[in-house]
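Residues per chain are reported as follows:
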Amino acid sequence: GIQVEQSPPDLILQEGANSTLRCNFSDSVNNLQWFHQNPWGQLINLFYIPSGTKQNGRLSATTVATERYSLLYISSSQTTDSGVYFCAVEFSGNTPLVFGKGTRLSVIA
Amino acid sequence: EADIYQTPRYLVIGTGKKITLECSQTMGHDKMYWYQQDPGMELHLIHYSYGVNSTEKGDLSSESTVSRIRTEHFPLTLESARPSHTSQYLCASSSLSGQGHYGYTFGSGTRLTVV
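Sequences listed follow chains F and D, in order.
Mapped onto my numbering, the consecutive letters of the first sequence carry residue numbers 1 to 109.
Mapped onto my numbering, the consecutive letters of the second sequence carry residue numbers 1 to 115.
For reference, chain F alone in the conformation it holds in the complex (with noise of 0.2 Å):
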């Protein structure tokens, strides 16, 4: 069935490093976002990222459409960007997302 694969499910950082999460997902898609939801539960919108790279600071991602997969990098990691990191699949045209089961990212100082 359609599915939406996220890894590492835990990430601990130390203030300063880098690290990369990862989407696989099981079909071709229309449209891929990466969330982040901080630790008062607010969903915040990183990218849109059906495919090719794309960069927003200390934030990038990449998606291989062909491959199925999908990657967020975090540069100079801070303790904000503490959360969990969701990453949301439109499968087919006129459908609502279909989310991952995230990555628990915890940066310690």
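To be clear, the hints were calculated from the coordinates, so they are not data collected in a lab.
Accuracy of the hints is not assured; some may be wrong.
Lysine-lysine pairs mimicking DSSO-like chemistry, simulated, CA-CA at most 27 Å apart [as the list claims (entries may be wrong)]:
#1 D:Lys18 - F:Lys54
#2 D:Lys57 - D:Lys18
#3 F:Lys101 - D:Lys31
#4 D:Lys31 - D:Lys18
#5 D:Lys31 - D:Lys57
#6 F:Lys54 - F:Lys101
#7 D:Lys57 - F:Lys101
#8 D:Lys57 - D:Lys17
Predicted model, so just to flag it, every value in this text is computed and none were measured.
Once you've looked at the hints, dock chain D against the given chain F.
The following block gives chain D in isolation, referenced to the frame of chain F:
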């Protein structure tokens, strides 16, 4: 400021009660969604709507109902609350951006506890 609002932020209610969770957006978005999420876990789609008088069921819809009488308003009703409904409920809306994709905006959520 354009935004999406959910009320109440927190709710504790007894088993068997009927409750309605409110969601309103001021962005004029045509599409709206309800997701259920246990703390830190994945989001599960409950219901969605692509316009006024249009609603569809998601994966977890069997114990709740929604209505979309106005574009900006998308309330979720639990007819008889049970402890298994204890969770966070997230409302979202989306519209087609200038770049040709649907960008999602989420509300702050309602944390529901059924005792």
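A quick look at each hint next to the structure:
1. Restraint check for Lys18 of chain D and Lys54 of chain F: not satisfied, since their Cα atoms lie roughly 45 Å apart, outside the 27 Å limit.
2. Among the hinted pairs, Lys57 of chain D with Lys18 of chain D is consistent with the structure: their alpha-carbon atoms are about 19 Å apart, no more than 27 Å.
3. With a C-alpha separation of about 23 Å, the suggested pairing of Lys101 of chain F with Lys31 of chain D holds against the 27 Å cut-off.
4. For the hint pairing Lys31 of chain D with Lys18 of chain D, the CA-to-CA distance comes to about 26 Å; that is within 27 Å, so the pair holds.
5. Between Lys31 of chain D and Lys57 of chain D the alpha-carbon distance is near 14 Å, which keeps this suggested pair within the 27 Å criterion.
6. A distance of roughly 23 Å separates the Cα atoms of Lys54 of chain F and Lys101 of chain F; the hinted pair therefore holds under the 27 Å criterion.
7. With a CA separation close to 21 Å, the supplied pair Lys57 of chain D and Lys101 of chain F stays within the 27 Å bound.
8. For the given pair, Lys57 of chain D sits about 22 Å from Lys17 of chain D by alpha-carbon distance, which is consistent with the 27 Å threshold.
Violated hints amount to a single one, hint 1; each of the other numbered hints is respected by the structure.
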